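Construct the complete structure from the given sequences, taking the supplied hints into account.
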Amino acid sequence: MIAVNITKRLDTAEGSINAHFELTINDGEFLTLFGPSGTGKTTLMRLIAGLEKPDSGKIEVDGKVWFDSAKKINLTPQKRSIGFVFQDYALFPTMSVRENLLFAAQTPEQRHNVDELIELIELTALSNRLPATLSGGQKQRVALARALVRHPKILLLDEPLSALDPSMRQKLQDELALVHKRLGVTTLLVSHDIAETVKLSDRMASIELGQIVRITKPMEFFTPQTLSGKLQLMGEVLSIQYDHPVYLVTLLTGNNIIKAVVSENEARVLKVGGKAIISAKAFNPIVMPLT
Amino acid sequence: MESEFFATMALTFKLAAITTAILLVIAIPLAAFLVFSTMRFKSIIETIVSMPLVLPPSVLGFYLLLAFSPASLIGSFLTEHGIRLAFSFEGLVIGSVLFSLPFIVHPIQSALTQVPRSIFEASYTLGKSKLETMLRVILPSIRHGLISGIVLAFAHTVGEFGVILMIGGNIPGETRVASIAIYDEVESLNYVMAHQYALTLFVVTFAILLLVYTLNKKSLGGIR
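Residue numbers (this note's numbering), protein chains in the order written: chain R, 1 to 291; chain B, 292 to 515.
In short, the hints are calculated from the structure, not lab data. Watch out, some of these pointers could steer you wrong.
Listed below are the simulated DSS-like cross-link pairs for lysine-lysine, each with C-alpha atoms no more than 25 angstroms apart in a straight line [stated by the list, open to error]:
1. B/Lys-333 / R/Lys-79
2. R/Lys-64 / B/Lys-421
3. R/Lys-79 / R/Lys-58
4. R/Lys-58 / R/Lys-153
5. R/Lys-64 / R/Lys-199
6. B/Lys-421 / R/Lys-72
7. R/Lys-181 / R/Lys-53
8. R/Lys-181 / R/Lys-171
9. B/Lys-421 / R/Lys-53
10. B/Lys-333 / R/Lys-153
11. R/Lys-53 / B/Lys-333
Derived coverage of chain B by chain R (criterion: at least 3 residues anywhere in the stretch with Cβ under 8 angstroms from a Cβ of chain R; other residues may be distant) [what the hints assert, rightly or not]:
12. 359–365
13. 455–465
Please read all numbers here as calculations on a predicted model, not as lab measurements. C-beta atoms are modelled at their ideal positions from N, C-alpha and C, and glycine is treated no differently.
Put into structure tokens, the structure is as follows:
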């Protein structure tokens, strides 16, 4: 179990704020830090990795203290058992795929497992290639595999899929889910993609301006409880057209475009570019006596 | 005559080689310091490193000569320990190292600046120390900057004139390098010898640079 309770002064677009993060991550859990950019998601990740130092607080992993301001303990990133996947992948340019993974290996056993990992990410055929010759999706997979070589206590993924096109992103989300299921490594993901968050995470922490405002299951977060529809989709409003006497709303949900008819009152609260929920309530069955 | 020519050329390249080797050891940590340090007096050090670019070589040579003279604090200390730097090969090496410093530091510095921060951090998160990261990850990936720096420092030392003239004089076999020899031969109207030195320097430096640029271009290919 990983217990984090730290503060850190953050410089944001709206000035300097005192961020306070408190959360516990269970063993083998996939937890997503969700929220708009500039709220401290990446910073929290870097604080856990030891790449930045908290102003105060404590980070404890499986009973071992990684950071404690009171006891002046601050382990270097080298001494923390972490796997970090950076937004730009940060592959070592002069090393081949295989060498990138071997570089991470510390024991003969880990060196031995490198080929297995390369197979897991389906890059066996490309294992002697240099990173510069790989596509974005392939680089991402190498970065993921490299982060897993040392069997870290926690895998930290900093928006690893943000630079990829939608189809590659979906494919890698599936792969990420598979890898997490196979290896069971405790994982922390930074994301502002709803589909990604719902698909991958056991729980999510919603972050706003340096605070964790809510930790829930992603479905509970994205689908407000007041609705009890059987079909429910989240989407972005693309357009609102007046088509006498009703309004026609076009929504983008995932890769699908859905049109729906709404009344004037309903149309007034929607705005183009905003998020919306579209739901269809099932009709109640009609029960009648037979004569 | 011939043997003197070869002795002078050998001395020239020996000086350049030793200078470059010393510079390489100094320049990498110095460049890393200039890129990553947040110390206050950093810009002062940066200025000192860059001074030889704009300072007349005679100025540097003059102050080195003063420093080396037994009358100065440094000079008297050295003399006490039996070291003589003025008009000696060792003195030339020190002068050349100072004078060629920016030519090797700047390419390494700019190459280091271009390495993304995340490359360093990725290596740290994989448990590697700063030193190991530098040796195994960073230096290989800035090898083009390193090679440019080495070549520039070497070529610049071969072509150096002013500082050497000031501190080294013109002692055959000890401090007489090719650039000084050319000047000397021209002064005594011995144009044939001057030409021999000049053409040799021209051809050799051209060949070195050509080789380096060709190799550099080849190694830029992707698959190996």
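Task: Hints not upheld, ascending by number - done: 1, 5, 7, 10, 12 and 13
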